[in-house]
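Go by the hints and put chain B onto chain A.
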Amino acid sequence: MTTHLGAPVVEVSGLVKRFGRKSAVNRLDLRVERGQVLALLGPNGAGKTTTVEVCEGFLRPDQGTVRVLGLDPVRDGAALRVRIGVMPQGGGAYPGIRAGEMLRVVASCAADPLDPAWLLEVLGLTATARVPYKRLSGGQRQRLSLACALVTRPELVFLDEPTAGMDPQARRLVWDLVAALRADGVSVLLTTHMMDEAETLADQVVIIDNGRAVAAGSTHQLTTDDPDARRLRFRARAGLDTGALAATLTDDCRVDEIEPGSYLVAGRVDPQVVSVVTAWCAEQGVLAEEIRVATRSLEDVFLDLTGRELRA
Amino acid sequence: MTSFEAGVFTPAPARGPLWRMVAVQARTEAALALRNGEQVLLTLLIPLALLVTMTVLRLIPLPEPRVDSVAPRILALAVMSSAFTGQAIALGFDRRYGVLKRLAATAVPRWLLVVGRMLAAVAVVVVQLVVLCAAAVLLGWTPAVRGIPFALGLILLGTLAFGALGALLGGALRAEIVLAAANFVWFALLLVGGIALPAGALPGGLDAVVGLLPSGALAESLRSALVDGMAPGWQPVLVLLCWGAAGAGLAVKTIRLS
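These protein sequences, in sequence, are chains A and B. To convert, note that position 75 of the first sequence is 74 in numbering that gives the first Met the number 0; the numbers rise steadily by one, no gaps. To convert, note that position 227 of the second sequence is 226 in numbering that gives the first Met the number 0; the numbers rise steadily by one, no gaps.
One chain only, chain A, in its complex shape (with noise of 0.2 Å):
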């Protein structure tokens, strides 16, 4: 083993990944210590496959460097993708052939597979196993190639869009094997636009857009750290003035009626603030009723630093 533990099992300094002019990874940084679940989440066409071919070892980098379990992703492949499972976008197997029968090949890769039979039961295609590849629908297509990542036992999996088409109980059954996955102490990289599914999966989360990692760090951190972004958000009849509201409160606080009667500020909201805001509802003869303080999700997230709209 090159690796010893405590040494992160992808770490990704300065990538540059360019097709052609355009530069689809610049200058990311990326590191997934052992035995977590790290996700790579940002719109369509922020870097997010491009960043993970060059960790399984299909893109060459333009720049930075790259080590996946302490190898070279391009010189090292194949002693790599021996210990790696690797979940492609939209999967992969030759049409004409039976579920089955593609994942017993893949599992034949390995010394000491899984038992094909008994992973396609927990994926739910025992019924589809006979079906031929190009006759399974988009979301059997996911979970056989989930299947094939896993069938392996790999220590570091790869799953790029693991949940894209699938049902909300299949996506379930997806996030509970990425948690079983952890657990077994198996590292894992993911790619997601879904904000709950980083929220619910994640360790640490890579926010990124247009090939630049705009924010890491855990859920937690991503979402509490900065006291200066938390909301407060109340209902209240429609049509308040919000602009005397704000006047009442520090400079920091910015107040909007989102829909009407549904009221959000933001900004440094602490205990003065929430008594200044019931006061001044009091006030104005208005009951403030569902007064919430939330930390942001990681949509607000995404939103104040692109500006944009994270399903666009």
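Keep in mind that the hints were calculated from the coordinates and are not lab data. Note that the Cβ used here is the ideal one computed from N, Cα and C, for glycine as well. There's no promise every hint is true.
Stated by the list, open to error - Going by beta-carbon spacing under 10 Å, a handful of chain B positions derived as facing chain A:
| no. | residue |
| --- | --- |
| 1 | 2 |
| 2 | 5 |
| 3 | 32 |
| 4 | 35 |
Just chain B, lined up with the frame of chain A:
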């Protein structure tokens, strides 16, 4: 808490034995080729139909017994159909469906994928040989026994050469274009590439070119081996080697995983 027993996914990565990977690859790809309806049409049914019609119907003048000169040409056609056209189309769609990338991401070494494909191509040709030779024998075929070892060597060489060309075509272009081009080339070589008609029966000037095509080289040398019991001359062997080497060399440079 997850619904999985603790430790079921505990990492234990290790590469499986190479012989098993080769066997699985070859068996899988051969089985896929043999149960794909369009492939079977191309590799077995059309050669079989041509074998019967060219033997029974006297459309082209041939020495008696007709089946003796038809069978070697049909064997050349069979090799071209599976190793070139079938291989190219399968590879084109395999790439479309992402299987090359899928397999390249596993512990299977890249060279093993190539060896697996070659063995699968040879296995399919063996099935074709058994079926077509049996049919030819039923039609009264009596090959020159002395030429059979030469014929087997030529068929193996032809399979590898056409396979390399099929990989070149199927590895670089979009699946639909591969489909059209592979079928077009098959048809062209069948008609004027020295397979259906001997070089001498083609319009003037073509006969010299036909000897330099892999189709013409294979068909002509198989005919002289199986009809006259003659060892192949250096020319057809060299022609097949050159096409094979050029195809393989270019394919390695141009192949794309998806």
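Against the structure, the hints:
Here the hint on residue 2/B is kept, as its CB sits about 6 Å from the closest CB of chain A, short of 10 Å. The interface hint given for residue 5/B is met, as the beta carbon of that residue sits about 6 Å from the closest beta carbon of chain A, less than 10 Å. Contact between residue 32/B and chain A, as hinted, is supported at the beta carbon level, the nearest pair being about 9 Å apart and thus within 10 Å. Contact between residue 35/B and chain A, as hinted, is supported at the beta carbon level, the nearest pair being about 5 Å apart and thus within 10 Å.
Violated hints for the displayed structure: none, as all numbered hints are satisfied.
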